[in-house]
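The whole structure should be built from the sequences, with the hints applied where relevant.
Residues per chain are reported as follows:
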Amino acid sequence: MELLLQQLFNGLTIGSVYSLVALGLTLVYGILHIPNFAHGALYMVGGYITLMMMTNAGLHYVLAIVVSIIVVGLLSVLMERLVFHPLRDSPPIQDKVAAIGILLFLEALAQLLWGADYRQMPTPFGEVVNVFGLTLTLQRIIIVAAAIAVMIFLYWFLKKTFIGSTIIAMAQNREGAALVGINTNKVAILTFFIAGALAAIGASLTSPINLVFPGMGHLVILKAFVIIIIGGMGSIPGAILGGYILGFTESIGATYISSDYKDIIAFVLLIIILSAKPQGIFSKGGA
Amino acid sequence: MPVLSIMGLTAKYGKYTSIKEVNIEVIKGEIVVLLGANGAGKSTTFKTISGLLKPAAGEIIFNDEQIGGKQPDKIVELGIVQCAEDRKLFPQMSVQQNLMMGAYVHRRNKGQIKQSLKEVNELFPILYDKREDAAGSLSGGQQQMLAIGRALMAKPKLMLLDEPSIGLAPLIVEQMFKSIEHINREGTTILLAEQNANAALSIADKGYVYENGKIVVHGSSAELFSNEEVRKAYIGA
Ligand SMILES: Nc1ncnc2c1ncn2[C@@H]1O[C@H](COP(=O)(O)OP(=O)(O)OP(=O)(O)O)[C@@H](O)[C@H]1O
Ligand SMILES: [Mg+2]
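Chains as they are written, first to last, in our numbering: chain C, 1 to 287; chain U, 1 to 237.
Hints were generated in silico from the structure; no laboratory data involved.
A portion of the hints provided could be inaccurate.
Calculated pairs, SDA-like style, for lysine to any residue (alpha carbon to alpha carbon, straight line, at most 20 Å) [stated by the list, open to error]:
hint: 1; chain 1: C; residue 1: K186; chain 2: U; residue 2: V105
hint: 2; chain 1: U; residue 1: K54; chain 2: C; residue 2: V268
hint: 3; chain 1: U; residue 1: K88; chain 2: U; residue 2: A134
Structural data, given as structure tokens:
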């Protein structure tokens, strides 16, 4: 019983990070229909910026995350302006190739700047606490709490503010959005910024319990794609639910089957869910 | 004084010329109708006015300002709002949210939004009854009302209405044209594209007839009604 609870909390922790990363991916997909493979590189850069701000600039963990959010958000916007915007009228395959190109470029750049070593990120929240009879590190509690707070804030922003609603409007009907006076270029910029920020938050939260290295985005981005396919491409609730489904399945699977197969679980889940619901759980998209 | 003067307007999709040297003049307070068969060029004219398509040649002057080639959002801010033929609603948003998005350019003026919402709900009470429903779940007629309501929320000076009667039951069509007349009486100038020439000419001040991307006849509604060719082609009597 205690083991199960421990694993459920583990699932909640990794699920929270998956959801954050998948949300950024699904928002971008929703408005531009680009599967942004480079999202994994944003995640990786997010981890490094936070780490560097802490070790080289001596910033507190929380401040370092704020810097990382801004830097990665702007990097994401730059990607939209320099690559995806100019390609907007080209055949879709060019977006995909370009996205993979950016991914490889940023990874090589990270290796050049910061080396190929696996690095440990320190955290001021290393202490162990007892909650409901479970022994947890404070960092894990912070991952869950911060991720949920970010998601609630994002939901409020998208649903309750005019500016946030423009993202949903553009995802549901691009020309309709233009015809009510929304500047679709600005919406694209805003969406890429949010996606970058979410990737930076996800990476910065999870790095103290994982490691920082140039390829750290690979598995995460693959899983984020699985999540948004499971949840329905472009669906916001789908990305959140999908992230947690995967998080729980992985941690339970690792305990009761074998942790060797942990990373395959995502793809098994993908096959099972798509056989039942080929369009994903929230097949209509939007939100 | 004309609110809208279109002079020598040509627009293309890639290499294909869709409309050629179109001239249209709309005076403040008028209802002006664009008539023409499928593919004649009515919607292309609207898309170009709204900035969804860049003009290849010619001028579009709105209140003394050249607007040809401006971005769609700038054109809405200037006061031209289009209600497109496929309605372009936000299908998973509620009816009320769609209307709110229509007021996007007035987002800082909460008082005015409230007032516009009240007016739209009075004009189309069904939209108030269905305010919580997803736009995509409405019937065709209700969606058309929502599209017009959403356009009204922007408080347009000039409203472009692209085939509002398409696919609607005859009874609803009649109601729709009454609503359009009402909107016009309240002070909105209207440019209307229609295939239903009879109904459209009965509420319009004047009209332009398109054929293969060109305007072939224009005149007052009375003139067009009595024009032999127009009668034969579009009124069927
Ligand atoms: N997106 C497009 N790409 C290429 N050609 C187009 C496009 N849209 C319209 N056309 C062509 O431009 C011409 C004018 O079309 P348009 O839609 O303006 O006609 P319309 O008068 O609005 O017709 P309808 O009454 O059917 O709506 C047609 O020959 C049409 O095939
Ligand atoms: Mg048309």
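Here is what the structure says about each hint:
Of the supplied pair hints, the one linking C/K186 and U/V105 holds, its CA atoms being roughly 14 Å apart against a limit of 20 Å. With a CA separation close to 48 Å, the supplied pair U/K54 and C/V268 exceeds the 20 Å bound. A C-alpha spacing of about 14 Å is found between U/K88 and U/A134, which places the hinted pair at or below 20 Å, so the restraint holds.
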